[in-house]
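Engineer: All chains should be modelled from the sequences, with the hints used to inform the complete structure.
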Amino acid sequence: QKEVEQNSGPLSVPEGAIASLNCTYSDRGSQSFFWYRQYSGKSPELIMFIYSNGDKEDGRFTAQLNKASQYVSLLIRDSQPSDSATYLCAVNTGFQKLVFGTGTRLLVSP
Amino acid sequence: DAMVIQNPRYQVTQFGKPVTLSCSQTLNHNVMYWYQQKSSQAPKLLFHYYDKDFNNEADTPDNFQSRRPNTSFCFLDIRSPGLGDAAMYLCATSRDRLAGPRETQYFGPGTRLLVL
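These protein sequences, in sequence, are chains A and B.
The numbering of the first sequence is the working numbering, which starts it at 1 and goes up by one.
The numbering of the second sequence is the working numbering, which starts it at 1 and goes up by one.
Worth flagging that the hints you see were computed from the coordinates, not collected in a lab.
Misleading hints may appear alongside valid ones.
For lysine to any residue, the following SDA-like pairs were computed, each having C-alpha atoms within a straight-line distance of at most 20 Å [what the hints assert, rightly or not]:
hint, chain 1, residue 1, chain 2, residue 2
1, B, K38, A, R105
2, A, K42, B, R112
3, B, K38, A, E45
4, A, K97, B, Y49
5, A, K42, B, Y49
6, B, K38, A, T102
7, A, K97, B, T104
8, A, K97, B, D51
9, B, K44, A, S40
10, B, K44, B, F64
11, A, K42, B, E57
12, A, K97, B, E57
13, A, K97, B, R95
14, A, K42, B, S39
Chain A regions said to be covered by chain B (calculated; three or more residues, Cβ under 8 Å) [to be verified]:
hint, segment
15, 36-47
16, 99-108
The C-beta atom is built at its ideal place from N, Cα and C for all residues, glycine as well.
Structural biologist: Set out below in structure tokens:
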């Protein structure tokens, strides 16, 4: 059973729309949750992390965490073509390492 | 600027010919990680160092070895690369072990390995 699951996509949204990326995890003891953006052929870049239930906003990005449902999401407002990338969800399960999902590919069309 | 540096960015090697990838960091972080990432897959942790303490993942092949001569540098040695080892190799660091919710990992730019 996969520990971190993401829809592989692609998720296609028009420029200016809200993109919603979702991630579920299996380990209820997971402590913190990360969203990385990865452009094709590049390394993952940390966008934001969250560890408390609720919403956390940073510019156009909002991370949402629901530990009861074991669900974390990333909202991107006013999506731009430059946001087109693969978004990796990663979970700190408390065993001193991150477990990554396979990522969701986002395509933002002009 | 504090950062994680990987060299080379692209490496071509022959089947069975040993290769070494390097990573350095100016963040003064205690922990350094090596990941393997194949196309459309999640990064797969190979091993990590907490200071000089080496931690190998159970499913990391013996073909992969690592050295950390000092805080700043870490090396990935592939003793006999096979075609299946062609991948992006990512080095990452964190200030301390991911024991607290605020600890995060920062990635270097990666080395793309091609095995002929």
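Engineer: The structure should be examined with respect to each hint, and the outcome stated for every one.
Structural biologist: Hint check results:
1. Between K38 (chain B) and R105 (chain A) the alpha-carbon distance is near 15 Å, which keeps this suggested pair within the 20 Å criterion.
2. Under the criterion of a C-alpha separation no larger than 20 Å, the hint pairing K42 (chain A) with R112 (chain B) is consistent with the structure, at around 9 Å.
3. Taken as a hint, the K38 (chain B) and E45 (chain A) pair is honoured in the structure, with Cα atoms around 17 Å apart against an allowance of 20 Å.
4. Note on K97 (chain A) and Y49 (chain B): the hinted pairing holds, with a Cα-Cα distance of about 11 Å set against a maximum of 20 Å.
5. Taking the CA atoms of K42 (chain A) and Y49 (chain B), the gap is about 23 Å. The hint is violated against a cut of 20 Å.
6. Proximity of K38 (chain B) to T102 (chain A) is assessed by CA-CA distance (about 10 Å); at most 20 Å being required, the pair is judged to hold.
7. A C-alpha spacing of about 10 Å is found between K97 (chain A) and T104 (chain B), which places the hinted pair at or below 20 Å, so the restraint holds.
8. A hinted pair counts as satisfied when its Cα atoms are at most 20 Å apart, and K97 (chain A) with D51 (chain B) qualifies at roughly 15 Å.
9. Note on K44 (chain B) and S40 (chain A): the hinted pairing holds, with a Cα-Cα distance of about 17 Å set against a maximum of 20 Å.
10. Simply put, K44 (chain B) and F64 (chain B) have alpha-carbon atoms about 13 Å apart, close enough for the 20 Å limit, and the pair holds.
11. With a C-alpha separation of about 24 Å, the suggested pairing of K42 (chain A) with E57 (chain B) is violated against the 20 Å cut-off.
12. Taken as a hint, the K97 (chain A) and E57 (chain B) pair is honoured in the structure, with Cα atoms around 10 Å apart against an allowance of 20 Å.
13. Using a Cα cut-off of 20 Å, the hinted pair K97 (chain A) and R95 (chain B) holds, with the two alpha carbons roughly 13 Å apart.
14. Only pairs whose Cα atoms come within 20 Å are accepted, and K42 (chain A) paired with S39 (chain B) is accepted, the gap being roughly 11 Å.
15. Under the rule that three or more residues need a Cβ within less than 8 Å of chain B, the assignment of the segment 36-47 of chain A holds, with 7 such residues.
16. Three residues within the 8 Å Cβ limit are the bar, and the segment 99-108 of chain A against chain B gives 4, so the coverage statement holds.
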